[in-house]
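Chains U and H, in that order, are what the protein sequence lines are. Just so we're aligned: 448 in the numbering used here is position 448 of the first sequence, and the numbers increase by one with no gaps anywhere. Just so we're aligned: 865 in the numbering used here is position 282 of the second sequence, and the numbers increase by one with no gaps anywhere.
Hints are computed from structural coordinates only; laboratory data are not their basis. Positions of the beta carbon are idealized from the N, C-alpha and C atoms, including for glycine. Treat the hints with care, as some may be off.
Quick list of simulated restraints, FRET-style, between CB atoms [said to hold, decoys possible]:
1. H:G910 x U:E317: 31 to 41 Å
2. U:P505 x H:D623: 42 to 52 Å
3. U:G367 x H:G910: 31 to 41 Å
4. U:E324 x H:D911: 20 to 30 Å
5. H:T611 x U:E329: 53 to 63 Å
6. U:Q176 x H:G910: 17 to 27 Å
Protein chains: 2
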Amino acid sequence: MEFSEHIKTANVEDVVLRQPLHPPSRGTLCITGHHLLFSDREEGSSRQVLLLLRNIDAIEKSVENLLGYSCVFTNAGNSQKSVENLLADSFLFANAGNSQKRISGSSGTITIKCKDLHVLQLDIPGMEQCLNIARSIETLSCLDSVSEMYPFFYRPSDANLPDQWGLSSPEKHYSQMKELHDRWRLSTVNRDYLVCPSYPPAVIVPKNIDDDMLEKVAKFRQGGRFPVLCYYHRKNGTVIMRSSQPLTGANRKRCREDEQLLQAAIEGSDKGYIIDTRSSQQALQASMTGGGFESKSCYSSWKRLHRQMERGKALQESLIKLVEACGDEYHNMDRWLSKLENSKWLSHVQTALSTAGLLAECVERDGHSVLVYGSEGKDSTLLISTLAQLIMDPYCRTLEGFLALLEREWVQAGHPFQQRCAHSAYSHARLQQESPVFLLLLDCVWQLWRQFPLALGFSEALLLRLATEAYASNYGTFLCNSHQERCVLGLKENTHCLFQALLRPRERDCYSNPLYEHTELAIWPSVHPQSLQLWRGFFLRRTPQARHLEEVQEEIRNMVIKWGKQADALSVCEGVKMFSLNM
Amino acid sequence: MEFSEHIKTANVEDVVLRQPLHPPSRGTLCITGHHLLFSDREEGSSRQVLLLLRNIDAIEKSVENLLGYSCVFTNAGNSQKSVENLLADSFLFANAGNSQKRISGSSGTITIKCKDLHVLQLDIPGMEQCLNIARSIETLSCLDSVSEMYPFFYRPSDANLPDQWGLSSPEKHYSQMKELHDRWRLSTVNRDYLVCPSYPPAVIVPKNIDDDMLEKVAKFRQGGRFPVLCYYHRKNGTVIMRSSQPLTGANRKRCREDEQLLQAAIEGSDKGYIIDTRSSQQALQASMTGGGFESKSCYSSWKRLHRQMERGKALQESLIKLVEACGDEYHNMDRWLSKLENSKWLSHVQTALSTAGLLAECVERDGHSVLVYGSEGKDSTLLISTLAQLIMDPYCRTLEGFLALLEREWVQAGHPFQQRCAHSAYSHARLQQESPVFLLLLDCVWQLWRQFPLALGFSEALLLRLATEAYASNYGTFLCNSHQERCVLGLKENTHCLFQALLRPRERDCYSNPLYEHTELAIWPSVHPQSLQLWRGFFLRRTPQARHLEEVQEEIRNMVIKWGKQADALSVCEGVKMFSLNM
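Chain U on its own, in the form it takes in the complex (with noise of 0.2 Å):
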């Protein structure tokens, strides 16, 4: 596809940028097959302003000509014939009185709400230009073909692509545990992906499973998605295992291979728990239409724990309650309160760290494996079994080992980013696949990091750029949906690694948390409904908080650079620690 195509304007001068906390700036909007650019024109200053197309969810327009005759649109994409017909009315309407100058006097505004939540606005001359512009971000911000979108054109002069894709893998995962060597083995049964197309094509199984039960158990998985380790928890010598639902169904079908690889897990141990993300209500419906759980009789080992979690178009839904109560201006207290009640979006935070808080219980304090899963094992499993290893786990809190963490748990495990991101909370097209799950994840993060602000090695900034970079990214780390479709795109080989530029030194100091300190002890969070708060440096970043948060960060930057050169700050450096718990 060419992407001048869909440009027919591709400068504007004299366009006003307005966005919150910022005074408005006057200066050159261009359009690109990717971006949007705005350049700043007043002398000495050099206001840049890039933004990927991709990051825009919606945008609305507002045409008006020296009548003031004023239209709004809203929402990209589907208003196309719209905008035409107002465009034809307007030319008419322009032709049909006394001069040419109502045209080139009249102006737009177009209104661009990110996924990630910015907003900004753009005042644009000409009506015809503005609308040019319009339909050129609505079609461009929604390009479906993955291997047209940006990372694959990103080459940041500094940084070659790299030969080493990625922080960790299963292999590596594997090869760093050696005290599982015995009793677990790495299968590669899914190299070619037909046993499990959501699955890489390593992964850690029992032993004395071998590939042939395997491929019997992934039949009996829903997506063929079979039990495998996410997490051995070095303490006690208890796993985590994820997958999805056993396809029992209405005639409670056994898989004699299933049963043998869950007994396998858990060998030498009397027990292990089963934590459901379903209720044990909707487990039943399941087995209605296929699905199911693991019955008593056939699973005697087994504990089954239900924990009902939101998931899929619920959760979406949620986010966009909350983000339009947000960003109400006029309501009062009780309104806003209500509002954020009904969102049930801190309903949701407190409902996931609960149940990873469970989980990590279960590993940790009552000493017995656990398989995590809720139907198709690729949501809200994933979102409890990371949050679990944070708790527990001193290396998950460390940058790396947290990055290491989302590729193996997220990206890898098959979390299909590229239809639950495809959308955010503003967007007006129909909901599909879109879940804000990750977000949640990262919401969930933060308040581990408010409860425990020296316990983790990376800051609040990090998550904010990972919201963002999960929407729309320079990098092809969150692209596709598996490790088949980053596979048959070449992306290792055609796009840059986010979480291997994370860590470069420049990167590494903006998102370290200086105040860190290593403890070997679990962080269990409170989940009181007190104690949880709403994650305003992503949600309210439209209000002044946001800049303080900005500032912020930057001050943490400079100080890590200083303590770099400065031994004897330390001192001071301690003050600083306690600082940041007065939130």
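The hints should help you fit chain H onto chain U, whose structure is shown.
Showing chain H alone in chain U's frame:
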């Protein structure tokens, strides 16, 4: 009165103290006329808890004997009877039973809920001892006689009773504002408290209004609270005055002197504003019962603005609901947010800040003088005028300036602390004059501090300390309801002054904001509901966050001490400033 009459058991050994966030500890409990003292008897530790009985809002007793016969009594004061019955019953039971053992084996638990929301629990061996202690607490925590209260007995070894009591006074305030002297004078018309029982002996009034006229105006204003100057805005020469409502009544009575006084206050300006903290409907209703408001025809240069603020009982009930919600450990997120909303506390915070903002806008932006009152002029009136001064006046934002402001606008201006702070959120005593107006002020100041962490010269710790001191104190500052009452009791001669104590070097280090940066600018708070937060440091002080807060305060002090010695730490200090923004 002899305190010893009320103390049947003065010492109990083997008491277990339980406090949130602390491990239980075992030690000796002593009760004196004013204090509960717990001393840890473990070797090597020296934990002592000293609690002013006056700080106790409610106690709950639960006594239990060996057969598990258990009773819970809630509340102090009213349940005297039932305690005695229980005691009798227990004796009967013991006598009817088979040994003394049952009595000696029985034990009791007293849960103490403090006015400043601290909660602690004492397990006391011996039912009788437990009930004796409980009864002593019930009696001694509710003493009515001011002169028997602890401030009259408090004689710290490191300080003599001060020669000069307090930081500020109308006289001092007047003498500091030379620019005023042309048009305003200090009147001692109230030197014998005859004109206005709740005013101090000296007040600032327009120069051409003589004392005879003031006496007439006083008769026209509720409780004699005629309009007096409380703030002079140097930038533009406008002033804030406060008073009580005019007693126009249903017949629209006039008072020429009142009209002249107000006219004199805005001499040379085209108009002034009256901010009435009642709705116009409420003002109208008040006129039916003898109160009222300034009619447009008689006060043609004054524009009335109504902003309804909750007061009295409604505010107290709001506090009770909020504290109840904060203490509820079992509720889910929806219930918490819904209870938070239902308590309306944050709405009151919002209304107070926005009304203060309105007042400050009239003065600073619109350049006109303002008279503010509600009905009595002792509660919301003071709240609004104090907050507006903090918004506009850089000096009021320093530690000294803030304390002096509180002294002038609350203590001397006649906020009835004794009535308003008789009980807090836990007491089940029938509500009389209690109302947490001063606490609401502290909360609003905390919101300012959160939004402008560099602009206030004092720390959150000061606000927490003041919240405690207002309810129970070693100092005489918050005793009584008026200057007159304090004078009669010889408060200045017989008690120490809190505000002076808070400025001694050690306390100053504790309560200063090391991040403070002087700014001449007004600090306009955002009153969007999204911008206001629950004051967790106070309302959730039982949760782990509270402990973090204490550590933070400790560190602030350490850093201040360090900074005194270490010049180059200033650059790091810059960084620290930014941290505190990240809240």
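Hint check:
| no. | hint | result |
| --- | --- | --- |
| 1 | H:G910 x U:E317: 31 to 41 Å | holds, 32 Å |
| 2 | U:P505 x H:D623: 42 to 52 Å | holds, 50 Å |
| 3 | U:G367 x H:G910: 31 to 41 Å | holds, 34 Å |
| 4 | U:E324 x H:D911: 20 to 30 Å | holds, 28 Å |
| 5 | H:T611 x U:E329: 53 to 63 Å | holds, 58 Å |
| 6 | U:Q176 x H:G910: 17 to 27 Å | violated, 46 Å |
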